[in-house]
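Construct the complete structure from the given sequences, taking the supplied hints into account.
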Amino acid sequence: MSATLTEPTSATASAPSATQVTPSVNRLGLTQAAYRGAPSTLCSGCGHDAITHQIIRATFELGIEPHRVAKLSGIGCSSKTTAYFLGQSHGFNGVHGRMAAVATGVNLANRTLINIGVSGDGDTASIGLGQFLHMLRRNVQICYVIENNGVYGLTKGQFSATADKGSVQKKGAENEMTPIDCCALAIEMGCEYVGRSFSGDMKQLSALLKGALSHRGAALIDVVSPCISFNNHEGSTKSYKFAKDHEEPLHDIGFVPAFEAFTAEYAEGATHTINLPDGARIVLKKVHRDYDPTDKTKALELLSKARDERLFLTGLLYHASGQTSMVEQKNLVDDPLATLPQSRVRPPPEVLAAIMDSLK
Amino acid sequence: MPPTTAVETSVAASQRNTIVNDIVIQVATTNGSGSQSSNNVLLRAIFQMGIPVNGKNLFPSNIQGMPTWFTIRANKDGWAARRETIDFLVAMNPESAAEDLRELRPGGVAVLSSELKPYLNRSDIHAHIVPFGDLVAQVCPEVKVRKLVANMVYVGVVGCLLSIEIEEIQKAIARQFRSKPKAADLNRNAAMLGYNWAAEHLHNGHEFTLERMHRADGQILIEGNAATALGFLYGGVTVVGWYPITPSSSVCENLIALLGKHRHDPATGKATYAVLQAEDEIAAIGFVLGAGWAGARAVTATSGPGLSLMAEFAGLSYFAEVPAVIADIQRMGPSTGLPTRTCQGDILKAHLLSHGDCRHILLIPGSVEECYEFAMESLDLAERFQTLVLFMSDLDLGMNHWVSAPFQPPAKDMDRGKVLTAEDLARLKKFERYRDVDGDGIPYRTLPGAKHPLAAYFTRGTGHTAAATYSEKPEDWKNNLDRLTRKFDTAREAVPQPVLEKDSRSDIGVIAYGSSDPAVRESLAQLQAEAGVDAAYLRIRALPVNGMVREFLASRRVTYLVEQNRDAQMASVLRMEYPELSAKIRSVLHYDGLPITARVVTDAILESENRK
Ligand SMILES: Cc1ncc(C[n+]2csc(CCOP(=O)(O)OP(=O)(O)O)c2C)c(N)n1
Ligand code: SF4
Ligand SMILES: [Mg+2]
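These protein sequence lines map, in sequence, to chains A and B.
Per this note's numbering, the first sequence starts with residue 1, numbered consecutively.
Per this note's numbering, the second sequence starts with residue 1001, numbered consecutively.
All clues given are correct.
Straight line, CA to CA, 30 Å or less: simulated DSSO-like cross-link-like pairs of lysine-lysine:
{"hint": "1", "chain 1": "A", "residue 1": "360", "chain 2": "B", "residue 2": "1180"}
{"hint": "2", "chain 1": "A", "residue 1": "360", "chain 2": "B", "residue 2": "1182"}
{"hint": "3", "chain 1": "A", "residue 1": "360", "chain 2": "B", "residue 2": "1171"}
{"hint": "4", "chain 1": "A", "residue 1": "360", "chain 2": "B", "residue 2": "1502"}
{"hint": "5", "chain 1": "B", "residue 1": "1478", "chain 2": "A", "residue 2": "156"}
{"hint": "6", "chain 1": "B", "residue 1": "1473", "chain 2": "B", "residue 2": "1487"}
{"hint": "7", "chain 1": "B", "residue 1": "1473", "chain 2": "A", "residue 2": "156"}
{"hint": "8", "chain 1": "A", "residue 1": "360", "chain 2": "B", "residue 2": "1076"}
{"hint": "9", "chain 1": "B", "residue 1": "1412", "chain 2": "A", "residue 2": "360"}
{"hint": "10", "chain 1": "A", "residue 1": "360", "chain 2": "B", "residue 2": "1261"}
Hints listed in this document are in silico derivations from the structure and should not be mistaken for laboratory results.
In structure tokens:
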């Protein structure tokens, strides 16, 4: 049990926690309401709604301009949630398992957009695994959130590829296959920001989201997000109870945005400080283990151990910098390709004439 | 079994009358032997003499060692379709030699590599045995490349036997090896040697000859896929997603070369485009939809198997109204089928690609010039109609060499469609993504990044209202589908219109599309010359069709619909459009993997008309 854990309640989605003191307007002068979306239609108490709420909070507190965000998702209960936050941002709810490719296209078309992708464990690890991995190895600019409940919620509770060995379905069937660990795969693919969290751990999730939104390139957060209706029973390893009982944060994580001073208070007791490209900082403080998230081998070792011993380790699992992002690899012009004027994308007639001459 | 004795023959000179600039030359080699450059040189040399040519590469789905044929048709009247009869054979491949010789027409000419002598068992042809191996050794000390260079020796031999101007051969070699001066020298010498050797040793007793004319002067010689790439370049494409598949790969390869050369910002050197090789075709079309949604002009190119994988996204493009372009370079299917053979077998599938009620715009180029124009047009139409546009070429058009008038620069500005900017929204104070404001079925859209509180909308494949909110209401669903029908009907007049290629009072009509056009044109001349049959000819260039097609069908007793597939796919589309005219359509179908010929069309029509 960790000190940072906050009790999940079915109301976490709609009301900001009373203990949190949030200014009524952010640095853009916008209220949190400007970051909300349509009312959620998910089951009351669904973990996904809590994550939606943290996305609203993180973008609000960071003072992100809503019009600069593109919300992308696949299909599933989780993928629906892009309609429930940032109502003033364009959203694209695509096809099942293929959000990664859509996000890739969006990133190429308009490099100035902040991409927030929301997917499910089925959407990402089952049908969409291939695209997910390729998106990571390309280092597409995206904050990619997996709302991981171990099942297909929207099709009523079949196991997904992240279901743990030994986890039991509502109707009693037990999963005997090895689960796919999206975080371990992401680290393998060269993803430089990999986090794991729990929808009930608001403070940690909020900090991880903010860090991901400040990261350059692909950032992944795998969030265990219990499905109230189909995977919250005894024997499930993705239930609220199981997650609460087993979550072990690797560190206490704080986020200092670029526009806030980095005070001694933050630095005190920090085991690691991570500088993000936009000037923000992530501050990690020791809880139990002394964990260095910049050591790739160690991170993979720990995840392997976690899988074998069924540990639910959360926090910033891995961070690195230095990899070029996809738009950098492609050496794209600074302006969005989408809106380049004709004069910049249609060569002059002389070029065609010369090509024609060469074919005569 | 090859015959054991060889017969060198010549046909009596008295039987000869000269055939000028009307010949089909077939070169039989093995693939991977480097014959491609030699064949290109031969083709270009003839073309440079002002003679219309067409070069078809018939190759196996294999990298090295299997039989491959290159067919050149040079024709003074400009007939460019495949013709069954072979007049002149260059046989370099023992594996196919027996069959190659059998297929040569009586009175034809065969140039054989000396080791193929045992296969020669016909006395009704002019056969020339050439010791290519010995000859190449004279000009090429390097043993490793001799096999390659031997190919250029046959170019010289053929040149001499057909009176191809040696200067044009030299010019074509210089062009082919532009960037490799050493190879250019070596090949020039090889061609010269072949030419001189033939002049000295071979008796030119046959009836074929080539001579300079001016019909192809000022024309260009280009493959359809290269023309398509040029069209996308001038269409202002900004995002390309692709996954390699024959015969579409060269669209993207050409495009990559063109973009690399012509689309870097002069000030910064940065790219005004992005090309991304995907992990599969689902991802490739996913890139295109993402990019199209964000406002880029995005395309992908593929062939049948890839098209199947793109089906789900195709429906999303149609229903969520996201611009996208797929260039489908059709090959013979189903399944892996004959990946290096041609057909028009994807028409129906492409038109209806995906599930539910879904219909797409198809642009069907009938020439390399239209490959260029329609590729450009597809980008305009995709943005204008906010939907998927399929550009339907095929292997014959795409990978073979065609003569064409030089392409003209775009006549109009790029059409970016109905996009509202933040400034527009400030003025309008209202925006509903799927509202039919103009009555043409085409709504307005905004692009992500537009800085206005009204700009954002939610794109989804699920049921939605005019305001883009989620809806399962029956009337919302039906209204939206009906609007999409309205939009599709608007497209009927906006897509490239059918062309009445040949008008006639005759009660016989012919309809064709795509790469069947050259064969149909030639067939119309044959029908007239051989049986006095006159027919009108309408060429369809896009789907959906409009009243012109209806009118053409209705005003004739019978219309022959020529297509290169088994299932009469275009006929099915027209029967869906005009069920009352169904009985007037008779299909002429060709589907053996080789490009259709005029003979196929002519014979089918004559038989059906009881004129045979
Ligand atoms: C191609 C395709 N196959 C199947 C489905 C049906 N389907 C919809 S959502 C879903 C699974 C969603 O699971 P997950 O991504 O874990 O999301 P959750 O509902 O659990 O949040 C499936 C199989 C579909 N929409 N499309
Ligand atoms: S079915 Fe499960 S995942 Fe879906 S909304 Fe309900 S609780 Fe959430
Ligand atoms: Mg799930």
